[in-house]
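There are 4 protein chains.
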Amino acid sequence: MIPRYARPEMTAIWSPETKFRIWYEIEAHACDAQAKLGVIPAESAAAVWKAKDVEFDVARIDEIEAVTKHDVIAFLTHLAEIIGSDEARFVHQGMTSSDVLDTTLNVQLVRAADILLADLDKVLAALKRRAHEHKDTVRIGRSHGIHAEPTTLGLTFARFYAEMDRNRNRLEKARWEIATGAVSGAVGTFANIDPAVEEHVCAEMGLRPEPISTQVIPRDRHAMFFATLGVIASSVENVALEIRHMQRTEVLEAEEFFSPGQKGSSAMPHKRNPVLTENLTGLARLVRMTVVPAMENVALWHERDISHSSVERGIAPDATITLDFALNRLAGVIDKLVVYPETMLANMNKFRGLVMSQRVLLALTQAGVSREDAYRLVQRNAMKVWEEGKDFKEELLSDAEVTSALSPAEIEEKFDLGYHTKHVDTIFSRVFDSTAEK
Amino acid sequence: MIPRYARPEMTAIWSPETKFRIWYEIEAHACDAQAKLGVIPAESAAAVWKAKDVEFDVARIDEIEAVTKHDVIAFLTHLAEIIGSDEARFVHQGMTSSDVLDTTLNVQLVRAADILLADLDKVLAALKRRAHEHKDTVRIGRSHGIHAEPTTLGLTFARFYAEMDRNRNRLEKARWEIATGAVSGAVGTFANIDPAVEEHVCAEMGLRPEPISTQVIPRDRHAMFFATLGVIASSVENVALEIRHMQRTEVLEAEEFFSPGQKGSSAMPHKRNPVLTENLTGLARLVRMTVVPAMENVALWHERDISHSSVERGIAPDATITLDFALNRLAGVIDKLVVYPETMLANMNKFRGLVMSQRVLLALTQAGVSREDAYRLVQRNAMKVWEEGKDFKEELLSDAEVTSALSPAEIEEKFDLGYHTKHVDTIFSRVFDSTAEK
Amino acid sequence: MIPRYARPEMTAIWSPETKFRIWYEIEAHACDAQAKLGVIPAESAAAVWKAKDVEFDVARIDEIEAVTKHDVIAFLTHLAEIIGSDEARFVHQGMTSSDVLDTTLNVQLVRAADILLADLDKVLAALKRRAHEHKDTVRIGRSHGIHAEPTTLGLTFARFYAEMDRNRNRLEKARWEIATGAVSGAVGTFANIDPAVEEHVCAEMGLRPEPISTQVIPRDRHAMFFATLGVIASSVENVALEIRHMQRTEVLEAEEFFSPGQKGSSAMPHKRNPVLTENLTGLARLVRMTVVPAMENVALWHERDISHSSVERGIAPDATITLDFALNRLAGVIDKLVVYPETMLANMNKFRGLVMSQRVLLALTQAGVSREDAYRLVQRNAMKVWEEGKDFKEELLSDAEVTSALSPAEIEEKFDLGYHTKHVDTIFSRVFDSTAEK
Amino acid sequence: MIPRYARPEMTAIWSPETKFRIWYEIEAHACDAQAKLGVIPAESAAAVWKAKDVEFDVARIDEIEAVTKHDVIAFLTHLAEIIGSDEARFVHQGMTSSDVLDTTLNVQLVRAADILLADLDKVLAALKRRAHEHKDTVRIGRSHGIHAEPTTLGLTFARFYAEMDRNRNRLEKARWEIATGAVSGAVGTFANIDPAVEEHVCAEMGLRPEPISTQVIPRDRHAMFFATLGVIASSVENVALEIRHMQRTEVLEAEEFFSPGQKGSSAMPHKRNPVLTENLTGLARLVRMTVVPAMENVALWHERDISHSSVERGIAPDATITLDFALNRLAGVIDKLVVYPETMLANMNKFRGLVMSQRVLLALTQAGVSREDAYRLVQRNAMKVWEEGKDFKEELLSDAEVTSALSPAEIEEKFDLGYHTKHVDTIFSRVFDSTAEK
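Protein chains in written order, with my numbering: chain Z, 1 to 438; chain A, 1 to 438; chain U, 1 to 438; chain E, 1 to 438.
Keep in mind the hints are simulated off the structure, nothing from the lab.
Misleading hints may appear alongside valid ones.
No distinction is drawn between identical chains; accordingly, a pair holds when it is met within one copy or between any pair of copies.
With a Cα cut of at most 35 angstroms, we get these calculated DSBU-like pairs of lysine-lysine [claimed, not checked]:
1) Lys350 with Lys384
2) Lys69 with Lys50
3) Lys390 with Lys50
4) Lys36 with Lys390
Since this is a predicted model, take the numbers as computed values, not measurements.
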């Protein structure tokens with residue numbers, strides 16, 4: 001976790017305080033269920049709730065763990081200090097540490113997913129607003145970094161919206177995947193604990209019972225969760241890359257918002273650098289790098305080994321905290337992005353009509369010119385624009401072979417921008433109104 | 001693609017023949033739609049179907065591409081050679097190469113997914129059969145590679161079943177994600193082609209129209225697809241690892257089927273090596289390694305760049321072919337796995353009752369001994385078994401402090417195996433009967 | 001291996017023919033050494049060389065392997081078919097399959113490294129030539145994609161030269177790492193074979209004896225090898241990215257060579273796309289993805305397991321073939337890159353002197369203005385250029401607060417380009433003449 | 001950074017205090033060089049050293065950065081607060097932030113490498129000691145997890161020693177790679193600062209001048225550094241895996257040291273789990289995951305973009321802190337590993353002589369039996385041992401076809417363990433005495 005790339009709400013999920021609080025709730029709910037089954041005395045179960053509003057002493061628990069070298073035992077010992085060792089003797093009965101640890105991890109991941117879903121909603125709201133704002137802001141579409149045909153900035157935002165909306169759906173699925181708990185005892189056989197306890201604990205903690213756990217909840221669930229975060233991070237990079245390109249000096253179609261007090265560089269005061277989106281590019285790598293170790297965690301020895309644990313101590317907070325920060329930063333960047341529509345037009349016209357060559361090509365073939373000839377005609381005039389700085393439309397108008405196929409009016413018509421934007425509403429409707437992709 | 005790890009059905013999807021066949025179908029369906037819209041003559045559209053049963057000449061197309069350095073143009077040129085250049089002039093009208101290439105890739109991935117789903121069904125069937133066959137075959141559960149408490153081999157198969165069933169669900173989702181096509185023209189604005197063409201082509205090819213494409217279908221879909229394959233591969237490794245452990249000399253609870261003609265080693269004829277599952281461990285890595293590049297492919301420049309293409313030429317065939325092979329190999333290994341239940345029992349008894357210590361601990365606390373004292377009592381007797389080779393039950397029976405809390409009959413009862421298997425049916429029902437996880 | 005991204009020389013290293021040829025040589029040399037030690041008859045050793053010029057029948061070997069399911073035994077059986085089973089009975093004596101397989105893999109990797117070193121030499125030669133050609137071709141340096149201060153294109157090539165030169169050194173080290181062989185028998189104890197055999201075989205095959213092998217050569221060597229290829233591939237991407245940026249429409253400072261017959265796009269004839277460098281960007285990902293599985297291969301069970309084998313069957317040919325192709329393509333791209341120096345100047349002047357702001361800032365502080373004031377003065381005038389299209393130098397000349405610190409001549413001097421290139425020779429000397437980095 | 005997997009010495013390198021201290025030293029040395037060149041007043045340079053023993057106020061710097069949004073400017077402002085703004089005005093002159101940041105990062109990585117080298121020395125010392133202690137401790141060698149032929153535990157430690165020794169060499173090279181600094185100004189042209197300043201600063205900071213920097217030090221150096229850490233981590237996993245296998249219940253040839261106060265599990269007191277080496281397995285993944293993002297950092301836009309920065313804020317501390325912890329933990333585990341030589345012997349004899357089958361096979365062929373017949377004879381008797389629990393030697397002695405080729409004494413001799421250990425000294429000499437691999 002890198003403090004400067006962390007937000008408090010997400011960070012809090014991974015604090016020792018939160019962890020012990022969840023441990024406590026699991027143990028307390030388990031006692032309730034055990035009491036209901038008659039396995040432990042009702043008074044003992046009730047007594048556990050005495051600690052309900054107590055803040056656990058993290059330092060004290062660490063102190064005990066330094067001796068026992070076992071974190072759950074350390075916590076239980078501390079709990080006994082609070083509720084009394086006599087009352088505490090039924091706590092954790094029939095359970096194994098992993099019942100607590102794995103269920104807790106999933107509670108934390110579910111909560112993290114909820115925050116990330118809210119983050120995605122912010123990103124989606126910003127994208128939707130900017131898409132509609134710039135639905136008709138024409139700019140040149142580019143393939144390979146080369147001018148192709150006109151499109152609109154609204155379509156750019158709309159495609160990012162569609163992509164992030166897919167990410168939202170994926171994250172909902174990943175959240176569902178991870179929303180299981182296990183209280184199944186030593187090797188998952190429920191030998192020492194009734195399945196009813198698991199059911200009660202899971203219901204109280206907002207989880208489904210894991211259909212079959214061993215000592216652990218199977219790690220394919222977590223692998224899928226982190227893989228999903230990796231895909232979302234890659235989409236963050238995708239949006240960031242677009243903005244970085246728009247801001248580069250020669251393009252300058254948009255800029256990240258530049259607050260008055262901000263100094264762009266210690267040496268070059270005129271520079272406004274797309275540092276936020278560059279930063280997002282790096283943050284995406286940090287999230288993505290957690291995918292492979294999460295997958296390496298799936299294969300465990302027999303009913304469990306603990307190799308996955310240290311990995312998750314790292315990647316669970318790191319990936320969720322970093323992605324949360326990145327999504328919030330991204331929402332802000334989109335929201336406040338300064339757009340320069342005039343530059344967009346100026347850039348588009350850089351090659352004096354050349355971007356319309358596809359239309360002319362088509363018109364020629366539709367007018368009966370063979371595909372090969374049409375290609376040759378267009379290429380011939382295009383090269384004059386490219387190499388000699390001529391105007392494409394004028395060259396076409398003065399090319400006899402072209403005008404023998406197309407009238408001047410037909411040629412003029414090929415340079416009408418409205419031609420390119422006529423289906424924007426259709427696409428917007430697909431993106432913002434349809435539920436086909438849900 | 002490594003020939004020895006490839007099956008013909010999957011490999012065929014990625015052959016040039018299949019690719020050109022799909023290209024052809026897309027172009028032909030697009031012509032139909034264009035004709036229906038009145039954009040091109042109906043006869044021209046009909047003429048394209050003349051090539052319906054023609055096998056395209058891959059060598060000829062390659063030859064043309066060597067000149068044009070453009071694969072789609074090479075194909076269209078070859079198609080014109082077949083149906084006549086006059087008839088062919090309306091083919092591909094208003095389309096861009098990516099319309100063909102990207103839609104084709106998704107058709108291939110959907111077909112690959114269908115094979116993989118069938119593969120998973122084989123794995124699931126084998127796991128289900130072996131799970132029920134060994135529902136009550138007791139073996140020791142292990143955590144950290146150390147004996148813990150009894151479980152059954154059926155539960156082992158059942159948990160792999162549940163995991164692979166989740167993978168099946170994930171793959172269905174990934175298949176759905178990737179089942180889109182795009183025929184939206186140069187930068188995805190439909191400027192030169194009506195959205196109705198895309199709708200027709202997609203319907204005919206078994207796809208949904210991509211709600212908003214640029215020149216390409218957005219690569220977050222593919223990233224999710226490969227990520228899903230990576231998770232499945234990790235589960236393959238998980239099952240393989242269990243079998244490798246079962247086969248190691250000191251454990252020997254099961255063995256891969258050993259065909260009579262097979263030589264295990266050039267030097268040691270007695271060796272039966274778990275080479276299939278070791279192989280699966282490696283194959284899992286090969287599938288998993290495609291996840292990160294698929295994610296790196298998501299961020300493209302503006303409306304498209306072609307950096308993703310060479311990556312996909314590698315990983316799309318490689319990941320699907322390798323995983324297909326791996327799943328089939330895995331189904332065979334599970335199906336024919338030779339199981340040694342007696343060795344399972346012998347292994348379990350290696351430490352003369354020690355694995356029952358958890359039960360004794362619990363009984364002591366339930367009999368009123370404090371948790372700390374119970375722990376001490378169990379540990380005291382366990383250490384004698386561990387260090388001096390004593391029998392755990394007998395030690396307990398002769399420990400006055402123990403017998404003051406538990407009667408001999410109560411102690412005897414703690415060593416009953418049935419105690420550990422009493423919830424196996426419940427778990428099986430959760431795994432095989434429930435639909436809660438769908 | 002993707003045929004279109006493969007060159008024959010490198011591909012040949014990974015053919016079955018080459019593999020069996022190396023196997024044969026190892027076996028034959030081992031027989032020589034065994035004969036010299038008196039372990040096997042000299043005539044038998046000599047007889048093995050009867051197959052020296054025989055081309056092994058790959059199909060026949062595959063046929064035998066289909067029965068024995070063991071590749072080395074299949075090969076030895078075929079060899080016996082050639083030299084006679086009586087003569088063949090001493091072949092492979094005391095050896096284990098891995099002695100042959102692992103030594104062969106390293107021979108192949110060493111040969112692959114030699115080709116890659118030659119590839120790097122081509123890249124280095126091209127970079128050196130273009131660096132000197134454009135030593136004084138001024139262009140704007142950019143940070144964050146934003147204009148910063150002038151530099152020269154020669155420096156760009158020079159830094160890629162320095163980077164590739166480091167890569168050459170790394171690859172030499174990686175080649176050295178991998179240049180070991182092992183003929184140490186079943187678990188590497190030399191119980192059945194004298195260390196002298198290993199020494200002889202290694203010397204003949206151009207390798208060093210592995211100081212301590214088990215059944216296998218330790219895989220940390222291979223991990224380091226593939227990691228090195230991954231770094232080189234990342235540098236390929238670095239150069240490719242620069243060229244892609246230079247070629248984008250708004251920058252257009254250089255273009256990949258565009259052969260007359262080449263069609264840039266099926267739809268837009270004027271487009272010249274940087275497809276080669278985009279392709280290199282993807283190929284870099286394909287090489288890089290082999291690094292993690294190579295590292296996952298390091299941890300093997302006890303004296304060996306065979307999980308690494310399937311991984312290496314994939315990544316060893318794929319990574320070397322792809323990188324070989326990429327380096328050759330890169331050398332060609334650099335060699336033939338079309339450079340537009342005038343556009344470089346035009347781009348630099350886009351913001352009318354603003355890129356000199358750093359110099360002015362410095363001059364102001366050196367003239368006694370406080371850092372904060374100087375910053376404010378520069379920023380004030382810079383903003384007029386940025387927002388109102390003014391000329392930076394003229395604004396400065398008419399800013400009384402500026403001219404009270406700097407004379408007009410001093411201001412003029414700050415806009416001299418020679419100031420920025422004065423140390424180019426120094427840097428070139430560091431890069432091309434120095435051996436400090438070797 | 002995960003606090004429980006961090007040691008203070010390494011963590012300190014990455015503290016804000018250390019970072020600002022290095023920044024300060026770089027600025028101060030740069031002032032000295034500038035003064036010597038006559039660019040700034042000698043008194044101003046001298047004044048900077050007034051802060052030599054001052055502890056910088058991290059909170060204050062953060063406070064300033066919150067306004068300026070630029071960390072280096074914030075630091076310089078704080079420095080001015082200490083030494084006086086008049087004295088401070090020449091600090092950083094001609095430099096760019098990256099000169100400070102990149103040089104600092106490399107100083108930190110060099111220091112981290114020095115600690116890691118010392119860590120490796122601890123690991124090497126432990127391995128060397130245990131190797132010699134158990135040079136003749138016979139245990140069974142295993143391939144595929146299956147008993148193969150005898151080896152010694154000393155050889156196991158010796159091969160890990162050789163591997164870690166290679167890692168030490170690699171790390172020395174990686175340290176050398178990263179030991180460069182840059183003070184070359186805005187885009188690396190030295191336009192505003194003399195190369196002599198860079199030379200002075202680097203010499204004082206223990207670095208070499210980067211031959212050609214742009215605004216940044218090229219990231220291929222860092223990629224190589226992290227790749228090297230990834231290889232070392234993979235070797236840590238390799239050793240850890242061996243120990244985990246040795247400790248598993250059915251093998252139990254060794255155990256991690258178990259301190260008296262330690263509780264293995266909250267439920268099963270008899271369990272001694274190899275938690276340290278399981279933990280190392282996970283930590284290896286955490287280090288390894290940093291390799292790919294470090295490689296993704298190599299390709300930067302033009303003279304620099306800042307996407308690498310957030311990545312390095314994460315992986316630089318995380319990878320070095322985690323690996324430092326892991327190597328220390330590993331040294332401790334090796335040092336205190338509890339070894340059970342008797343169990344090693346008992347395990348080896350599990351299959352009553354079968355592991356000697358290779359020797360018998362060889363003896364038969366050397367006695368004139370054809371390879372195929374010998375294989376058949378050995379296999380026939382081996383199967384009786386395997387399936388009927390017979391003793392291999394006795395079966396051979398009573399197999400007429402065998403005894404017609406080998407005398408009883410010859411058969412007896414094949415079961416002599418000394419045969420397998422006769423070259424141990426040779427191998428030890430290669431590993432511990434030779435310098436051939438340096």
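Practice problem: Kindly indicate which numbered hints from before are broken by the structure, ordering the numbers from low to high. | Solution: 3, 4
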